[in-house]
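Asks: Chain residues, written in single-letter form:
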Amino acid sequence: MRSLTVRIVVKVHLKMFAILRQRSGVSQTDLELPEGATVATAMAEVGRRFSPIVPLLSRTLGAVNRDYADAGTRLKDGDELALIPPVSGG
Amino acid sequence: MPEKQADIIVIQDRIIDVTGAIASVSSCEGGAVATFLGTTRVETSGDKRSLLALDYEAYAEMAEEQMRKLADQARHRWPILRLALVHRIGRVEIGQPSVLVAVCTPHRAEAFEACRFLIDELKKSAAIWKKEVWDDGSSDWVGHRGE
Chain A
1 MRSLTVRIVV KVHLKMFAIL RQRSGVSQTD LELPEGATVA TAMAEVGRRF SPIVPLLSRT
61 LGAVNRDYAD AGTRLKDGDE LALIPPVSGG
Chain B
1 MPEKQADIIV IQDRIIDVTG AIASVSSCEG GAVATFLGTT RVETSGDKRS LLALDYEAYA
61 EMAEEQMRKL ADQARHRWPI LRLALVHRIG RVEIGQPSVL VAVCTPHRAE AFEACRFLID
121 ELKKSAAIWK KEVWDDGSSD WVGHRGE
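Protein chains in written order, with my numbering: chain A, 1 to 90; chain B, 1 to 147.
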């Protein structure tokens, strides 16, 4: 009897703003990640899907559910992950 | 006990009503209203392009939460009676205001200090971005000119 492999995924809602939105051509989309994924894991995956933004990611911060989050923050199913390039309000 | 007035905290795409905002924070218990207005200034790029306008974009849900938290921090530090924090999004032409901070306190020193704290912190962290729109049809996100 073969064992059944179940891939557990965390589905997050991704939002991108300003130069990241413009370069990727996407303002929001869903992102499926492996269980245990962090903000850093998610950013690497976003870089693979949208290569024009890769040079910008080192200066990009993550926000989870509308709060800035460290790169090591674990993502939960249903989280809203926003990628925040350097801000320039005012 | 004076009634505590709700803070005015808003991100909007319409023109900021400066007179209206100042009138709404002016309180009979406070003797001081300090106001800061950030406006689009005339600018020339290194390669001689002239600025036409700034296009603002916000992650409005996050930025409004951040602005509410900043207002709470300011209220813990200074005796603020009324407060308005208004940021515009969309196109802001030369000379027009993009941001307004207005604070009413009993005396001027705390009004100036709170007003400065609020604009400085908003600029540092709020999820808001601006793009420079130039007269030759080009544009640059601020902080990424020429990228």
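Note that these hints are calculated values from the structure, not bench results. Among the hints, erroneous ones may be present.
Cross-link-like lysine to aspartate or glutamate pairs, in silico, DMTMM-like; alpha carbons within 20 Å at most [stated by the list, open to error]:
hint, chain 1, residue 1, chain 2, residue 2
1, B, Lys69, A, Asp67
2, B, Lys124, A, Glu32
3, B, Lys123, B, Glu113
4, B, Lys48, B, Glu93
5, B, Lys123, A, Glu80
6, B, Lys124, A, Asp67
Asks: Could you run down the list of hints and mark each one as holding or not?
Replies: Right, here's what the structure says about each hint:
1. Lys69/B / Asp67/A: Holds: Lys69/B and Asp67/A sit about 11 Å apart, inside 20 Å.
2. Lys124/B / Glu32/A: It is violated: about 31 Å lies between the C-alpha atoms, which goes past 20 Å.
3. Lys123/B / Glu113/B: This hinted pair holds, its Cα atoms lying about 16 Å apart.
4. Lys48/B / Glu93/B: holds, 19 Å
5. Lys123/B / Glu80/A: Violated, because 23 Å separates the two Cα atoms, which is more than 20 Å.
6. Lys124/B / Asp67/A: Holds - the C-alpha atoms of Asp67/A and Lys124/B are around 14 Å apart, at most 20 Å.
Hint check: violations occur at hints 2 and 5; the rest are consistent with the structure.
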